[in-house]
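Participant: These are the residues of each chain, in order.
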Amino acid sequence: MNGGLWKGTRLTYVALLLAGVMSVFPIYWMFVVATRSSDAMGQVPPPVTPGGNLPGNLDRLFANTDAHFLTGMLNSAIVAGSVTVSVVFFSSLAGFAFAKLRFRGSNALLLVIIATMMVPTQLGVIPLYMLMTDLGWNDQLQAVIVPGLVTGFGVFMMRQYASQAVSDELIEAARVDGCGTFRIFRSVVAPALRPAAAVLGLLTFMTTWNDFLWPYAVLNDPENPTVQLSLRALSNGYYQDMSQVFTGTAIATLPLLVVFVIFGRQIIGGIMEGAVKA
Amino acid sequence: MATSLDTRTEPGTPVTHRRPGSPGRPRLSRIDMKYSPYLYVAPFFVLFAVFGVYPLVYTLWVSLHEWDLLAQEHPFVGLANYSALLSDSDFWNSVYNTLGIFVLSTVPQLLLALWLANMLNRQLRARTFFRMGVLIPNITSTAAVAIVFGQLFSRDFGLINWVLGFAGVGPIDWNASKLGSWIAISTMVDWRWTGYNALIFLAAMQAIPRDLYESAAIDGARPSRQFWSITVPLLRPTIVFCVIISTIGGLQLFTEPLLFNSGTNAIRGGPLRESQTMTMYMFENAFAPNYNFGYGAAVAWMLFALIVVVAIVNVLIIRRAARSS
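Quick mapping for you: the protein sequence lines, in order, are chains A and B. The first sequence runs contiguously to residue 278 in full-length UniProt numbering. The second sequence runs contiguously to residue 325 in full-length UniProt numbering.
These aren't lab readings, by the way, just hints derived from the structure by calculation. Check the hints yourself; a few may be wrong.
Unchecked claim - If we take Cβ atoms under 10 Å as the criterion, some of the chain B residues that face chain A in the derived model are:
| no. | residue |
| --- | --- |
| 1 | L64 |
| 2 | L79 |
| 3 | Y82 |
| 4 | R131 |
| 5 | V145 |
| 6 | I307 |
These numbers come from a predicted model, not from an experiment. Beta carbons are placed, not taken as given, at the ideal position from N, Cα and C, and that holds for glycine.
One chain only, chain A, in its complex shape (with noise of 0.2 Å):
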């Protein structure tokens, strides 16, 4: 699994390395302009070197009083990261169960669980906005926090992941020595499936952070805003002041920018093994 079976020629490099920088350039021009004063966006030819503003354009964007940043940002930390801990947990638990554990059913419980993979739920917000309204939800985190507490993606990624890093023979063992099921899930299944827990934890933190539709469907309080509910009314001001604005996208996008430099190797592993056995 080495690389592929020819060597990479000089032409290859030059054409990733374009394909780098065309990713990239659209974050690094976004932290450019969160440097620069407001008439950067003006300039011709555009500035493409950080400037020296950023204390600047800071003060003004946590000061900017239809955008809520920081409360945004407090509200995203908390919404993702509640998410992410009952993700990690709960899909562990159902993916040991499946991969495991013998149960009636379970190969039809499965499938059902892959066929919700590919149910587009997001068309179901009117009834789910109706469900906020009766519940008292409406404007509140947990709207966007609950629906989001398991998901069929991790239970599936977990339950691959445990078939094969778990050995039979220690379940055995441990159940030999007494342990209940939950025990077994504690402390023989759970660390094995530290890796794998990784890599779903950090999946799921980008895309809750990430969440738009729902959050705009749900949240209405503009001072009770998640991240990006924060930076949709940034931009969509009658006054444009565009370094102000891409301060707020990159303060935003850092957090995301930070967990891949760390784990981008394990978050690209989980990428591609998933997608060899889905």
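With chain A held as given, fit chain B onto it using these hints.
Facilitator: For chain B alone, kept in the frame of chain A given last:
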């Protein structure tokens, strides 16, 4: 101590090596083995039933009613919402936009991903570096991307028009025309998803046995021929998978077109609805300013039907193409 020794040697205990415990233990453990798996998988099913299946089915019910947010009563109107939709030119405009943007964003995306995967599927230095390079657009937030690309495509000071200016192409008002806004929005989608799909294709390419290529090379097949007659046909299941995923995602496009259009016309996709997608049309009708849940729900089901039809058509096309090659 003595008791525990006693239980261990008790003749009645089967050889299943149970640790000493209360007499109820085996029974408890049997119940545990039999029922706790259901407990462990239950959270997903409960949650999906409440927040996934129920809303989707209930959407159908709502769509058969005149259902206004503020009204006290929601009279049953049968298929009236649907027949109104079918003669609603704004609805058909959103279908047209959705399909146009979908084609412009999916076809180049998957072709480019295939090509990128083929480049990555070689002996490379700094492998992880290049893979991270192509994946990085995928991890950024959709809203941020839409805002940044909105500026890249702006008429007066956008970088794209500035670069095109060197080729003698006059400044294009991307927001003002259908095709222009389609291209801008599709570019965002292509930028975000090409690398992700490339990694999935790459994973599938690496699973193709090498001796297939070796024997093809002995038979004198050039690399490009090997690519089209070995790699692509063997990648068919993965291509089908990516096409279906892209179809589901692409036809529901919402965030990119919404943020590409700023101001009060945003949800309409511009003053003349140049880039309003079906999901946006659903929102416009179901939420502010109209709050007509019934009509919005009907749009949602039409969109669902469209996704199913397009997915099936795509799979048939790929099957046929693979058979003929």
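Participant: State for each hint whether it applies.
Facilitator: Here is how each hint holds up against the structure:
1. With a cut of 10 Å, the hint placing B:L64 at the interface with chain A is violated, because the nearest CB-to-CB distance is about 13 Å.
2. With a cut of 10 Å, the hint placing B:L79 at the interface with chain A is violated, because the nearest CB-to-CB distance is about 18 Å.
3. Violation of the interface hint for B:Y82 is found here, the shortest Cβ-Cβ separation to chain A being roughly 15 Å, above the 10 Å cut-off.
4. Look at B:R131: its Cβ gets to within about 5 Å of chain A, closer than 10 Å, so that hint holds up.
5. A cut of 10 Å between beta carbons decides the hint on B:V145: the least distance to chain A is about 7 Å, and the hint holds.
6. A hinted interface residue such as B:I307 counts as satisfied when its beta carbon comes closer than 10 Å to some beta carbon of chain A; here the least separation is about 6 Å, so the hint holds.
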